[in-house]
Structure formats: structure tokens, C-alpha cells
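Enquirer: If you read the protein sequences in the order shown, they are chains V and L.
Counting from 1, one number per residue, gives the positions in the first sequence under the UniProt record's numbering.
Counting from 1, one number per residue, gives the positions in the second sequence under the UniProt record's numbering.
Keep in mind the hints are simulated off the structure, nothing from the lab.
Ideal placement from N, C-alpha and C gives every residue a C-beta, glycine not left out.
Treat the hints with care, since some could be wrong.
[As the list claims (entries may be wrong)] Once the Cα atoms are required to be at most 30 Å apart in a straight line, the calculated BS3-like pairs of lysine-lysine come out as: (1) V:242 - L:94; (2) L:83 - L:237; (3) L:125 - V:257.
[Claimed, not checked] Which residues of chain L face chain V? A few of them, derived with a C-beta cut under 7 Å, are: (4) 43; (5) 131; (6) 181; (7) 236.
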Amino acid sequence: MAAVLKPVLLGLRDAPVHGSPSGPGAWNASKLGGIPDALPTVAAPRPVCQRCGQPLALVVQVYCPLEGSAFHRLLHVFACACPGCSTGGSRSWKVFRSQCLQVPEREAQDAQTQENSLAAEDWCEGADDWGSDTEEAPSPQLTLDFGNDASSAKDVDWTARLQDLRLQDAVLGAAHPTALSPGLPLFLPYYICVADEDEYMDFVNLDHAHSLLRDYQQREGIAMDQLLSQSLSNDGDEKYEKTVIKSGNQTFYKFMKRIAGCQEQILRYSWSGEPLFLTCPTSEVTELPACSQCGGRRIFEFQLMPALVSMLKSANLGLSVEFGTILVYTCEKSYPMEEFCIIQEDPDELLFK
Amino acid sequence: MQHGGQGGGVRGPGMGNCGNFHGGFSSGIRGRGKAEGKEWMPVTKLGRLVKDMKIKSLEEIYLFSLPIKESEIIDFCLGASLKNEVFKIMPVQKQTCTSQCTRFKAFVAIRDYNGHIGLGVKCSKEVATAICRAIILAKLSIVPVCRGYWGNKIGKPHIVPCKVTGHCNSVLVHLILMPRGTGIVSAPVPKKPLMMAGIDDCYTSARGCTATLGNFAKASFDAISKIYRYLTPDHWKETRTQAPAVATT
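Isolated chain V, as found in the complex (with noise of 0.2 Å):
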């Protein structure tokens, strides 16, 4: 209560992705499922499964740039699709992080965008209006030449490959544009877009309720006021109660009303804030394993939420992969590197071993 609580991203999905776009759109984007893009000066992961050695799905690919940092930033969470692995705990699950750095892409790039720009600076005027540090003025600014020059570049590639698209619906894994090595399970690629959580937070239907009291009132024949004055005169007898949850347990509970505003969320992004656990933590929240190249602290960033696993599907059947929640926790320093994750299994897994 006391600790103020840090802002909340959550994460929605979006519209399907079609073909397979490159460039600066593609790393630039948030996405599930698909080929994992890879940063410019960095190739793209290709893990495998500690367990059975398969070659992993990518589950989520975020892009998520740090706030006063000059790096672009690309966080890759793969995952284990065989059957024997989708339960098999931390091992089946890798996250990776690359980086590299934005400023010599905006060289090339500000020739092209003249108009672009200038709406970009119209947009920013307020901001510097605002007292905000110089620092910051740059990156909107920055991000924004990437997003209408990737806009741009994207409409000449759309039209063509909307003529392609009923073609290509029907062999769909098959006559894949990019060479992709042929046993590399694929989940069907969708966009995240970003939402505040605090916009579905107050979203609680109350006409039902509404309604029952009102049948109430008209049966007891009394009226809200009246039910006030009743404590005055009655002792309480009774007394507040907490709940107590029959099945499952308090921590549940509370992640289900936490979540309630917005059940389709797949993402929750709070840099150094806290996780939303599915289960009561363990003891593997409370020490973390320090990063292995600089030794430095590692923060909660991220996690996936359980609606993400009905949202991966694949184009061949077989691929799945379940758990409760996973959160990836990353290095403070922020240096490119595999980065650490806690799965929280579904509380019903026991059940049905």
C-alpha cells in the first residue's frame, strides 16, 4: 500500500501479420508467433530445447527500447512446442535479448523523410513545451521517422502481396517467401499493439447487481437508506468477513480480479515493477540468479499471460504449448545476453498429469 505502484503496459493482439515483412518494420514491431526478425547488426537466435534438442518456437518477440537509452532493444521469448516438453518447466524456455544502437540508421534515413519529419517535429512541440529533458525530445522524434518511413516503404509491399495473399492462403506453410529451415515449428504471427492498464481498470459491469438490489429492495421493501440505519439498531452480530476461496488459493483469486478488466491481455510489460503471480512465489522469486556477464541485479520486465496460449496456434497441428505465467526477468545494465525466466505452471497441470 504504501509503495507507489509502477504504471502497467499491457499488451493486446493485433491484426494478423502478412508475408513476411523485413527491414526496420519488422524489428521495430511487437509481434507472437512467426520467425523471429533479427536487429540489424545481430543475428537472429535460433535456440534449441535443452530437453529433446528440437529447435524452438518463438512465442513472443517485443520490442521494447529503454527511456533515455540510445539503443534499439529486442527481447525474444522461445518455447518448446513437442508434446513431451510443453510442460517441462524452465528448461524448454529461452529468452533472449539483442540491442544495437539507432543513431547511424537515422543518418541514412532523414534524407527521405523531409515531409515525415516535419510532422513528427509539429507532434513534439508540445512535448518540449512540457519542460521535458532535451534527452528526450530526440528519441520520439527518432522512433516516429522509423514508423511513417516504415509505413511508407510497407504500402508499396502490401499491394502486391494482397494479389498474392488468396494463393497463398491455401498452401500456407508451404510456399513461404523466406527460406525457413523445414523443422522449424511456427506458431501463426499476430501484431501486439500496447494499451495503459489503467484504461480497463474501472471496466466492472454493475447493471446485473444493480438490478438484483432492486428486486431486494421491492421484496424486503426497503429502501439503500434504511439499510444504513439498520446497523444503528441491530449489534453487529455480524461481523466482516474475508473471503475465503474454496478451491484454488487467495493469490489466484487475486490475479483473476486484477486481470478481470481486461481478459484478453497476452502482455504485461512494467520495467522494475512487480509481477503479477498466478500462484504464491517461491522461493526462486526471492533469489534470482545475478547476470552472468556483468554480475549486476536482474529487474522484472515483462510477463506472458495464460490467454496468450490459446492465441498460439499453428498452421500444422500438434504445436501447443501451455503454462500459467511466465515471467522474464532482465539484467539492469541491459547487456545483449540470455536473459532469465520463471514459469508459474497452471494451477490445474497436477490434475491433469
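With chain V's structure known, arrange chain L on it following the hints.
Expert: Frame of chain V, contents of chain L only:
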């Protein structure tokens, strides 16, 4: 039409670019979610199985004693036949050093007309919120009700199949079977859940501090839920069932 299609897609990568995921993201991009009908996204494995229709009825869940953790599972299985009723709303007070803090405690009973009932109790600062949350708790605590006969097996089952006792803290509630036509002979508080369960004829005997409505109501619910724990002769026949893991994969 083409433009619209592209617009939808351009928004995708464009989103990641506008500021970063963490900080500068404007929330105006995705205003939907409130107007649309909310689709249930299951969180647990049982929820996913129910949504995919691999588990078709609540009875299969009860057969294996699987804990139901999502109230939407009940909605999905029982759906339109569920009916809520507010039992009682009472204000409860807590004394703080400056003043009294009043909250409302709502008792909500839920039933479908086919042998399932649940009771939810929730306290909250506002009445509507208390009712809303109590409904969810009632759904999570739904139990099946088994009815039987007193004498000849003519007509529909109308009573508890055997004597049962439920208790909650100090309150004890006995349910005693009676021939057809007796009606429910009890205090007003347990009468409601008994009527909702479809039990037509019953004697009750209560003991303890029955003035405490919460305990009394919970004790009568406890009695009703104990019915299925009793192995009556019609359950003696052996049945073979598959483990849920096998049945659903």
C-alpha cells in the same frame, strides 16, 4: 477497401515505434474493448478444455473432483438456466480510532433448476460491488444436489436421500427426511436454500447461535452439499471411468 486493410496492418508495426514500449506510449491507439462483447479468455487448463468443448458438463468435472477456479466455466456449462438471488444485505461496521467504517455484506444464492446451488458471501464498501463479487463467489461454490424418496419411488424425488448435518462455526443444521406433502419445516433462513435446491419436504433442527445469519446460511448449505458424500445404495453399482488426462487428450 485496400486502404482500410493496409491501415489496419500499418498500425501494427507503427505501434512499437511510437515512443518505446515502456514510457512514451500514448493510450489513444486502442480504444476498443469496452464496447465489444467480452469473450472469455480461459486462464486455467480446465477452462481451456471447457471452452474447447472437450468437457461438456459440470458432472464430468464433479466426477473427478477437479477444483473449479474460474466462474466463467460455470457460466459456460450452465449458462442461461442460472438464476441469482440476493438473500440478504446487511451493513457491518468496523471501529477505527476516528470513526466507524461501514461496509455492506451481501449474501447471494445462485441456482439452476436442475440440481445445482451455490452461496456467495462478500463484503464491500458499495452494495453493488459486494453483490457483483458475491455472485462470482457463489458460482465458484456451486455444488450438485441429490434428491431421493422417503417411501415408494413414485413421482419425482423430493427430499434429501438421507439425514445430513451441516455445520459452520457454532451453528449445526440437521436435515431430516419426511414423507411427501410435509413441506419445509424450518426457520426462514435455511428455508430459502432448501427451496432453491428443489427439496420439497424436510424437517430441520438447528443448534447454536442461529442469530448469526451468515453462519446459519452457510451451515444449511454445508448440509446440502454433504448429500453427495453419502454413498446410498443406488450408487453401489461399479462404474469404470477414465482419468481426465486420458479422456481429454
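Enquirer: If a hint holds in the structure, say so; if it does not, say that too.
Expert: Evaluated hints:
no.	hint	in the structure
1	V:242 - L:94	holds (13 Å)
2	L:83 - L:237	violated (34 Å)
3	L:125 - V:257	holds (16 Å)
4	43	holds (4 Å)
5	131	holds (4 Å)
6	181	violated (27 Å)
7	236	violated (27 Å)
Of the numbered hints stated above, those contradicted by the structure are hints 2, 6 and 7, listed in ascending order.
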